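Take the sequences, apply the hints, and build the full model.
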Amino acid sequence: MSVRGKVAIIGVGLIPFGELFHKGLESMIQEAFMSCVKSVDKGFDPKDIKAAWFGQWSGGGMIGQGSREGTTLGTVLGLRGIPISRLENGCPTGNDVFRNAVLGVASGAYDVVLALGAEKMRDKPGVESLVAAGGGAGGGILGLHPSWMMGMGGPVLQALYATRQMHELGCTMEDFARVAVKNHHNGVACPYAEYRFEVTVERVLSSPVVCWPLHLLDCCPQTDGAACAIVCRADLAKKYTDKPVYVLGSATGVDYKDMWDKENFIEMPATKFAAKMAMDMAGIKPEDVDLAEVHDCFTNTELLNIEDIGFCKKGEAHKLLKEGYWNREDGHKPINPSGGLKAHGHPIAATGLGQICENFWQLREQIEPVRQVKLKKGIALSHNVGGNGFGVSSVNIIGREP
Amino acid sequence: MTMWERERMQSPRPASPLFWRLNPTVYHLLGSKCSDCGHITYPQTKICHKCGSFNQKDHQLPKTGKVHTFCINWTPPPGLEPPTVNVIVDLDGGGRYVGLITEVANPEEVKIGTKVEMVLRRLLNDSGLDFYGYKFRLVEEA
Ligand SMILES: [Zn+2]
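Protein chains in written order, with the numbering used here: chain A, 692 to 1093; chain B, -14 to 127.
None of these hints come from the bench; they were simulated from the model.
Keep in mind the model is a prediction, meaning the values are calculated, not measured.
Subject to a maximum C-alpha distance of 25 Å in a straight line, what follows is the list of computed SDA-like cross-link-like pairs (lysine to any residue):
#	chain 1	residue 1	chain 2	residue 2
1	A	Lys948	B	His44
2	A	Lys967	B	Cys36
3	B	Lys96	A	Thr863
4	A	Lys948	B	Cys22
5	B	Lys35	A	Asn1079
6	B	Lys51	A	Glu954
Part of the chain A face toward chain B, derived, beta carbon under 8 Å:
#	residue
7	Met843
8	Val847
9	Ala850
10	Arg855
11	His858
12	Val900
13	Cys902
14	Trp903
15	Met950
16	Trp951
17	Asp952
18	Phe956
A virtual CB, placed ideally from N, CA and C, is assigned to each residue, including glycine.
Rendered as structure tokens:
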């Protein structure tokens, strides 16, 4: 099913990401939702929402939040009675929640729906949360492969790619560091980013080695956050705003879930699948995209993603980065003009929806002038990739014209 | 400690059914080879991960191979001494295995292409039970 022309975004809401010990999951959800409702230009009555999708990756026992069904949204937003599902799909949860909401409207089932993602990542220290998730003693013994218990957390998974990128594609640790330099520079002006400071290549390379070849400043932080968007039937959008942003393409792709099945470690086929499906749906080519928020959980990952989405050939992303091609101010195709995960942090289910907020504001040109990207075709792309073996990816493409 | 781990520590039951079930996987290195496309899947599978074929034959992984990629982890989870060297190994004759390097004095001895062999080692202790499995040791070049 193509979604192009059928669905529009009429409002978005985002809270500044950070180590938010003073905010519970419920209060983050409420803040993001209230700012979303207030953002709708001609006013919005939450009673118009006929269905909702709630993204939360860390439900269950993992980070001790407890399992959060759709009831969480229904209760804290006063939306009882409508269908609400909770969705977890790895790091792309946010972009995939949005996709499900879009399909809810495009199918004709609902006129107006909510997509919301929220995550409390910081109440537990990382070593007890993400590391355990990726393969502490518990994570491993629950899995199928006897090696999963051997400490295969996020940095290990990505470092195994990074080593191979250096070997096959000629990337260096300096190239990885340049991604951090670009994204932290972009994040300085973004009021929603957790870490708003500049870094240099030297500073990245002198930060502690987390997992060779990746340094501390090659890794994005774990962060608390919430983000949401309200989408509706495209032909109803003007009732809510004169400047809706339209959904052009929306897709999720999956590859092998485990590292040992992968054919190589210089590409992530999940991203290729999702990007191709979303672009085919939108009827566009990579060169039609003005700006993109691309998953930069680690610096090397952004380089892989840029290539896998199709913005350049395999092995070219780091060379173009050095030339400034992906820069926000003087580049040709700004990548992560918001500062990305590097500057914002990565509250898993909120991350992708936060990207969509950024793209919505960029396309409506309602962003701080220093951050505004020069628009050509008025098309923006958001992307996540993740899961155990980086085998799941979601891509959403939105534009000023339907 | 995760909630899951805490619950397990309070429970007197070790995870022995899982150890028992994983026996052919962990100790006999049993995987599957697809009769249609040749893809080697490990652990055993009834359906090929690559092509979806139902025609799978048992395939025992060899214990030798070469490092395909690696990293040196200074922040492993509790129970592992940093640094660990995590590797993905191209096994001789096909198939891959993910694991840890053992008995290496200097992690920098490990490179892409380094020859390795599996050796049985204690991997962890689960609720009082030692859990053994394979790690990789560097093969001395003649
Ligand atoms: Zn097959």
